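Going line by line, the protein sequences match chains H and P. Residue numbers for the first sequence follow the numbering used here, so the first one is 32 and each next one is one higher. Residue numbers for the second sequence follow the numbering used here, so the first one is 111 and each next one is one higher.
Among the hints, a few may not be true.
[To be verified] Listed next, the in silico EDC-like pairs over lysine to aspartate or glutamate satisfying Cα-Cα at most 16 Å (straight line):
no., chain 1, residue 1, chain 2, residue 2
1, P, 225, H, 543
2, P, 225, H, 555
3, H, 154, P, 125
4, P, 203, H, 543
5, H, 35, H, 140
6, P, 208, H, 70
7, H, 158, P, 139
[As the list claims (entries may be wrong)] Residues on chain H that point at chain P, a partial pick, calculated with CB under 7 Å:
no., residue
8, 65
9, 67
10, 68
11, 71
12, 111
13, 114
14, 117
15, 124
16, 128
17, 156
18, 157
19, 518
Simulated from the structure, these hints should not be mistaken for laboratory data. Note that the coordinates shown come from a computational prediction; the quantities given were computed from them, not determined experimentally. Don't be surprised by glycine CBs; every beta carbon is placed ideally from N, CA and C.
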Amino acid sequence: MDIKKIDVVLLERMFKQSNQELKRNIELVNDLNVFPVPDGDTGTNMSLTLQSAIESINSSKMYSIETISKEISKGSLMGARGNSGVILSQIFRGFAKGCEGKEELDAIDLANALEKASEVAYKAVMKPIEGTILTVIRKTSEYAVQFVNEKTTIDEIIDYIISIAEKALDETPEQLEVLKQAGVVDAGGKGLVCIFKGFRHAVQGRELLEEEITSRVKTETQKILAPEDIEFGYCTEFIVKGSINAKVLKEKIMKLGDSMVFVESEDIVKVHIHTNNPGIALEYALKEGELIKIKIENMREQHTQLLTEAANEVYEEKKNKKSKYEIIAVAIGAGISTIFEDLGVTQIIEGGQTMNPSTKDLLEKIDNTNADNIIILPNNGNIILAAEQAKKISDKNIYIVPTKTIPQGINSLIEFDWEDEPEKNIEKMKECISNISTVEITYSVKDTVFDGIEIKENEILGVSEGKIISVGDNLHDITLKTIKSIINKDTEIITIYFGEDVQEEEANNLAEEIEKLIEFGDVEVYYGGQPLYYYLISVE
Amino acid sequence: MTIKIVNALGDIVIDRNVVAKLAAVSAMECYGLVGMVSKNTTSGLIKILKNEHLNRGVEIIVEEDSITIDLYVIIQFGTKISVVAENIISQVKFNVEKQTGLNVNKVNLNIEGVKTK
C-alpha cells in the first residue's frame with residue numbers, strides 16, 4: 032500500500048496499535064530494565080503511560096490531527112509512570128507540537144514531528160545519558176529528517192524509522208556500560224521501537240484487537256494533606272449495645288462519611304467513621320441501642336497541630352544553633368541587599384564605588400557581631416584595604432574574602448558552608464571568585480579620556496573586568512556588545528542585576544537577547560536596585 | 111562532618127561533601143531535573159548552580175546508622191512533577207547506596223523552581 036498522508040483516522044489507529052504492540056512486549060521490556068534503577072518495571076510503566084494517552088483520545092470530543100496529538104500529549108502526561116513514562120510523555124508533547132496546525136501529516140511532517148519530539152525530550156534533562164530511549168529518539172529523528180523528501184510515502188518513512196531505531200537500540204550497550212555488563216539493550220529504547228512497530232501495523236492496515244481489559248493501577252502519589260483538604264473532619268467512634276439491626280445501621284451511617292469500619296459481634300457493634308456530622312451518626316445509633324465509649328476527635332485540628340509542631344521544631348532548631356559565623360557585606364541597592372541577606376549575610380554596610388565606607392564604619396559593624404568568626408565581603412576594590420585595616424585593629428577573628436564586585440560577593444557566598452571550618456570556607460570562596468567575570472554597565476560623570484578612549488559626560492560605558500569595552504548612547508547595544516566580548520561556548524550562567532534606573536521589562540528583554548547568544552546556559556534576572564550602575568552582570 | 115563505616119580491618123571515613131556530590135551527580139542525571147539551587151537561600155532568590163557547585167544544592171543529614179538526603183532542584187515545565195520526583199528519589203537512593211554502601215533512610219526533594227524554556 033502506498034499511503035501518502037496520515038489522516039486523523041490513521042493517526043488514532045497508529046497509537047492504538049502501538050499500545051497493543053507495547054502490551055504484547057511488556058514482559059520483554061521489563062526484563063531488559065537495568066538502568067537507572069534495575070527494578071524491572073519499564074515495560075509496565077511505558078504501557079500504562081500509553082494506555083492513559085489512549086484513554087484520553089477515547090474521551091476526546093474533537094477529532095482532528097491536532098486535537099488527537101494533543102490528547103496523546105495530555106493523557107501521557109497525566110498518566111506518566113516511572114522515568115520512561117515521563118520521557119515518553121515529553122516525546123509525545125514534542126510530537127504534538129510538531130502536529131500543530133496540520134490537517135494531515137505527510138512523510139516530511141512526520142519526520143519533523145519526530146525531530147520536535149526529540150528536541151522537547153532533551154530539554155527536560157540537565158545531563159542526558161546516552162544509550163537510553165533519548166538516544167534512540169534523537170538518532171531516529173535525525174536520520175528521518177535527512178532521509179525524507181517530497182516523494183517519500185508513509186510506508187517508506189515508517190520502515191526507515193524502524194530500521195534506524197532498531198540500529199540505534201542495538202548500539203545502546205556500547206554507549207552505556209551498565210547495559211553492556213548486563214548484556215541487554217536499553218529497555219526504554221526497546222519500548223520506543225515497539226511503538227514505532229505499532230505505527231507500521233496501523234499503516235499496513237492490521238486490525239485492532241478487541242479492546243483488551245487492562246489492569247489499570249492507580250498512581251499512588253503521596254501528598255501531605257493540608258487541613259482544608261480533609262473532606263470529613265471528625266473521627267467518630269462508638270460502641271452500640273442492644274438488639275441491633277446491624278445491616279440497617281451500617282447502611283445509614285456509611286452515607287455520612289468515609290473510612291468506615293464496622294465490627295459486629297452478638298449484641299455489640301463497634302463503629303468508626305470519618306464524618307462531618309458526628310451527631311447524626313450518634314442519633315442513628317441511639318435508635319438501635321445504648322451507646323458506650325463515645326470518642327469524637329476533630330481531625331483538622333489534630334492535623335493543624337501536627338503541622339504547627341513540625342514548624343516549631345524547625346524553628347527551635349534554627350534558634351539554638353550556635354552562631355559560628357557572621358558575614359558582613361558592603362552593598363548598595365535594596366535588591367542587592369535582600370539577595371545578600373537571603374544568602375546569610377547578617378550585617379550590610381551601605382557603600383560602593385562612590386561611597387567607600389571607612390575603616391571606622393567597618394569596625395562599628397564588627398563590634399556589633401557576636402560570632403566566633405567574622406567574614407567580610409568588601410565587594411569593591413577600593414574597600415578591600417579598609418577591611419584589612421579593620422582586621423588589624425580588631426581583636427576578633429576576621430577573614431576577608433577579597434571580592435572586588437557585587438556579583439563576586441554574591442557568588443562567593445554560594446560556596447560558603449556554615450558547618451565548614453573558616454580556612455576551608457575562605458579557600459573555596461576565593462577560588463569561586465576567580466571563576467566568574469563581572470560586567471558593569473554605567474555612565475560617565477564627566478568628559479574624560481580613559482585607556483585612549485574619549486568619553487563624554489553621560490555617555491554609557493560597558494566595563495568588563497575593569498576594562499572599558501564599549502562607549503555610546505544606547506544602553507541596550509552597549510550592554511550586548513560588552514557581554515559578547517566576554518562570553519564563550521563554555522559560558523553556563525549569566526546573572527543580571529538591574530539597577531534603580533532600569534525597568535524590569537527592559538531587563539527581561541535584554542535577558543532574552545543574551546539567551547540567544549549562549550547555546551547551553553541560563554540567564555537569570557534579579558532586581559538589584561543599585562544606583563549608578565544600570566546593570567551588574569556576572570558571567571560564569 | 112564525616113560518615114564513618116566501622117570495619118574489623120579499619121575504619122572508612124567518607125566526607126559529607128563526597129556523599130553530597132554523589133547525590134548531586136546522580137540527581138542531575140535524572141530525567142525531568144534541569145537544575146539545582148543553593149540551599150543557603152532562605153527566601154526569594156533562587157540561584158542556579160553551576161556544575162562544580164552542584165553539591166551546594168544537597169544537604170546530607172547523618173543519623174546513627176543511616177543518612178537522609180535533602181535536594182533542592184528545578185524541574186522542567188510540562189513534566190509530571192510527582193512522578194519525576196519519585197524517579198529522582200529512587201534513583202538517588204539507589205546510586206548513593208550502591209556506591210557508598212551507606213543506608214539511605216530518606217531522600218527529600220524540595221522543588222524550588224520550574225524552568226519554562
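Tested hints:
The hinted pair formed by residue 225/P and residue 543/H meets the criterion: a straight-line CA distance of about 14 Å does not exceed 16 Å. For the given pair, residue 225/P sits about 11 Å from residue 555/H by alpha-carbon distance, which is consistent with the 16 Å threshold. Taking the CA atoms of residue 154/H and residue 125/P, the gap is about 33 Å. The hint is violated against a cut of 16 Å. About 37 Å separates the Cα atoms of residue 203/P and residue 543/H, which puts this hinted pair outside 16 Å; it is violated.
Distance hint between residue 35/H and residue 140/H is fulfilled; the C-alpha atoms sit about 11 Å from each other, no more than 16 Å. Among the hinted pairs, residue 208/P with residue 70/H is consistent with the structure: their alpha-carbon atoms are about 14 Å apart, no more than 16 Å. At roughly 5 Å between alpha-carbon atoms, residue 158/H and residue 139/P fall within 16 Å of each other, so this suggested pair holds. Checking residue 65/H against chain P by beta carbon gives a least distance of about 11 Å; that is not within 7 Å, so the hint is violated.
Taken as an interface hint, residue 67/H checks out: its beta carbon lies about 5 Å from the nearest beta carbon of chain P, inside 7 Å. The closest approach between the C-beta of residue 68/H and any C-beta of chain P is roughly 4 Å, which is under the 7 Å cut-off, so the hint is satisfied. The interface hint given for residue 71/H is broken, as the beta carbon of that residue sits about 13 Å from the closest beta carbon of chain P, more than 7 Å. The restraint placing residue 111/H at the interface with chain P holds, with a minimum CB-CB distance near 5 Å, inside the 7 Å limit.
Because the smallest distance between the Cβ of residue 114/H and any Cβ of chain P comes to about 5 Å, under 7 Å, the interface hint for this residue holds. Checking residue 117/H against chain P by beta carbon gives a least distance of about 5 Å; that is within 7 Å, so the hint holds. Because the beta carbon of residue 124/H sits about 6 Å from the nearest beta carbon in chain P, less than 7 Å, this interface hint is met. Taking 7 Å as the C-beta contact cut-off toward chain P, the hint placing residue 128/H at the interface is violated, the least distance being around 10 Å.
Below 7 Å, beta-carbon pairs count as interface contacts, and residue 156/H has one with chain P at about 5 Å; its hint therefore holds. The beta carbon of residue 157/H comes within 5 Å of a beta carbon in chain P, closer than 7 Å, and the hint placing it at the interface holds. Here the hint on residue 518/H is broken, as its CB sits about 14 Å from the closest CB of chain P, past 7 Å.
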